[in-house]
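Participant: Line by line, the protein sequences are chains X and Z. Each residue of the first sequence is one higher than the last, beginning at 1214 in this note's numbering. Each residue of the second sequence is one higher than the last, beginning at 2 in this note's numbering.
If you are wondering where the hints come from, they were derived from the structure by calculation, not from laboratory data. Note that the structure is predicted; figures quoted are calculated from it, not measured.
Under 8 Å between C-beta atoms, here's a sample of chain X residues computed to sit facing chain Z: (1) Y1238; (2) L1252; (3) Y1336; (4) A1360; (5) L1501.
Note that CB positions come from ideal geometry on N, CA and C, so glycine has one too.
Given next are the chains, with one letter for each unit.
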Amino acid sequence: MLERSRKWIFPSLEGQKRKEAFQAYLFLLPWIIGFIVFLLVPLGMAAYSAFTRWVLIDPPPRWIGLENFQAMFTEDKYFGWSLGITVKYMLMTLIPFMILGLALSILLNQKLRGMNFFRTVFYVPAVVSGVAVTLLFMNLLHPEFGAINSFLRSLGVADPPNWINSPDWALPAVAFMGLWGIGGGAIIYLAGLQNIPPHLYEAAKIDGANSWQQFWKITLPLLSPTIFFVLITGIIGSFQVFTPAYILGGVSRFGPGSKYLRFYLLHIYIKGFQQGRLGYASALAWILFFISAIVVFIIYNRTERFVYYEEEGKGNS
Amino acid sequence: MTQSQSIDNIELSASSPNKIRFLRRKSVRKIVHAVFVYSLLIGIGILVLMPLSWMLTAALKGQGEPVYTLPASWVPTESFHWENFWKVLTNENYPLWRPALNTLMLVVLNIAGVLISNTLVAFAFARLDFPHKEFLFKLVILSMLMPGVVLFIPSFLLFNTLGWYGTYLPLWVGAFFGNSFYIFITRQYMRSFPKDLDDAARIDGCSRFGIYWRIILPLSKPVMTLMAVFTFMDTWNEFTGPLIYLNDPSKFTLSIALNYFRQSMFSGREPTTNLVMAAALLSVIPMLILYFLAQEQLIGGIASVGLKG
Chain X
1214 MLERSRKWIF
1224 PSLEGQKRKE
1234 AFQAYLFLLP
1244 WIIGFIVFLL
1254 VPLGMAAYSA
1264 FTRWVLIDPP
1274 PRWIGLENFQ
1284 AMFTEDKYFG
1294 WSLGITVKYM
1304 LMTLIPFMIL
1314 GLALSILLNQ
1324 KLRGMNFFRT
1334 VFYVPAVVSG
1344 VAVTLLFMNL
1354 LHPEFGAINS
1364 FLRSLGVADP
1374 PNWINSPDWA
1384 LPAVAFMGLW
1394 GIGGGAIIYL
1404 AGLQNIPPHL
1414 YEAAKIDGAN
1424 SWQQFWKITL
1434 PLLSPTIFFV
1444 LITGIIGSFQ
1454 VFTPAYILGG
1464 VSRFGPGSKY
1474 LRFYLLHIYI
1484 KGFQQGRLGY
1494 ASALAWILFF
1504 ISAIVVFIIY
1514 NRTERFVYYE
1524 EEGKGNS
Chain Z
2 MTQSQSIDNI
12 ELSASSPNKI
22 RFLRRKSVRK
32 IVHAVFVYSL
42 LIGIGILVLM
52 PLSWMLTAAL
62 KGQGEPVYTL
72 PASWVPTESF
82 HWENFWKVLT
92 NENYPLWRPA
102 LNTLMLVVLN
112 IAGVLISNTL
122 VAFAFARLDF
132 PHKEFLFKLV
142 ILSMLMPGVV
152 LFIPSFLLFN
162 TLGWYGTYLP
172 LWVGAFFGNS
182 FYIFITRQYM
192 RSFPKDLDDA
202 ARIDGCSRFG
212 IYWRIILPLS
222 KPVMTLMAVF
232 TFMDTWNEFT
242 GPLIYLNDPS
252 KFTLSIALNY
262 FRQSMFSGRE
272 PTTNLVMAAA
282 LLSVIPMLIL
292 YFLAQEQLIG
302 GIASVGLKG
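With the rest of the complex left out, here is chain X (with noise of 0.2 Å):
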């Protein structure tokens, strides 16, 4: 019986090799069942509430074509402004953040005494993220009493920013926090640093180059896989950044909150919790699907190769 149903599944294969593609499937099972129950399942449900009224407290979803999508871009005012927030977000730390964690990474990757302790330090932040931080930051970030304006005047700036009041300050507030977490990132490169193998600089001191010399042409280009790879998680990051701007911007069930804070995840959030308007919801996170789609198209066509050249570096050891 079992062998008959075996022979079905895989007609083309023999004895012992189908018996172990048949205890390879179900071996496979658990990922099969989650992939095709929570992840093409869900997707296929998102693919037709997008085009119809789904709400929350009115429950069968009636067919209303492209209307949402149209309404992103009428009636919806928070669409553009909240993807325009999120790239404003993107702007303003991808290329700093990674400019600062390669530069902390270098000082770590320093040959000095005591290393794994500030190692150890650094990395803390990234390992107490959410929502403790969150609002730990809002207090030291608070206008009038945190302690961080009390630390600018004291430093003599008479009028500091107004941090999460302010239109002008409430990202930077969010990217204040993300550039104490800064160490998390400085880590992975880190260890693409660790993985430049040391006689290239040697061969380079004795050709005569100096450090900086090192650092245009041998540290740089045998760290673009791991600076693509930071760039890449950098930009579906800003796209996820949901806590600090739901806390901050002070959203709770009912009210909005700040609309300088209006991330395009926390946006998402509003109208389909707050609001129960899950079918426009829906097409909202469609939009995210088709903007991570080309992210991720674009690093699969670079991980192909990303991914082999860990197998050999594993083959080795």
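Based on the hints, put chain Z in the right spot on chain X.
Facilitator: Coordinates of chain Z only, in the frame set by chain X:
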């Protein structure tokens, strides 16, 4: 490094006074370099730790004592109201021991799910041969690259339809069905063992599951530890999932309970900034302990994989 040292030795054995002066200058430069690097590192280190130190200072302030002082108090010097932590956990309005236990329960379920499902799937990808393997693995990588937030609304549609809204189910069931990132790193790890292991075991009459259970799994402990630590941290810090699916404050997880606790501050009831900071610090302490215990695996893991969004 060793090569350049041996070059130095050769130069030294030539021992012309010029060479020695050159070396001395070099060692002065080394000291300057070290001083420069250390002062930068210490400076950044202080900047990194200062916010946490402020949090502790604020958390230890007594009731009615100003949390915001001029100049800001960055280090606890005067007040040491350690009972604040106890108050936060057991106060009458909204004791936080309950959300802490809820979160812990989710952590345990998620770790169990992640360890079981991902090792099974990765075993097939790493050690077995089957049709469409390449294609399926490409699917794993593709879904690994897809950011989770894309499924924010779609998953809600599914779980809401299933009637899982208001329950813990959406927050742990998925863990039992594999996660592409974990499948990827586990498979990479499991591939590194020699193939002879499986063949020898098969000759001795070991079943496929026996190979997985008795040979590959014990060898995979490091990557399993890494997954457990990652899962602990992710589940502990998870905010959006509980925010969307849980509606009953007694079921809240720590992350949303913290926010709830803070918001109840504005309704004029008990929690004041010092207590909110005590609660935030309490929620962070398990992560810090876990980090210091599992540091090597964690940073080593990130280093060996080089991926973790």
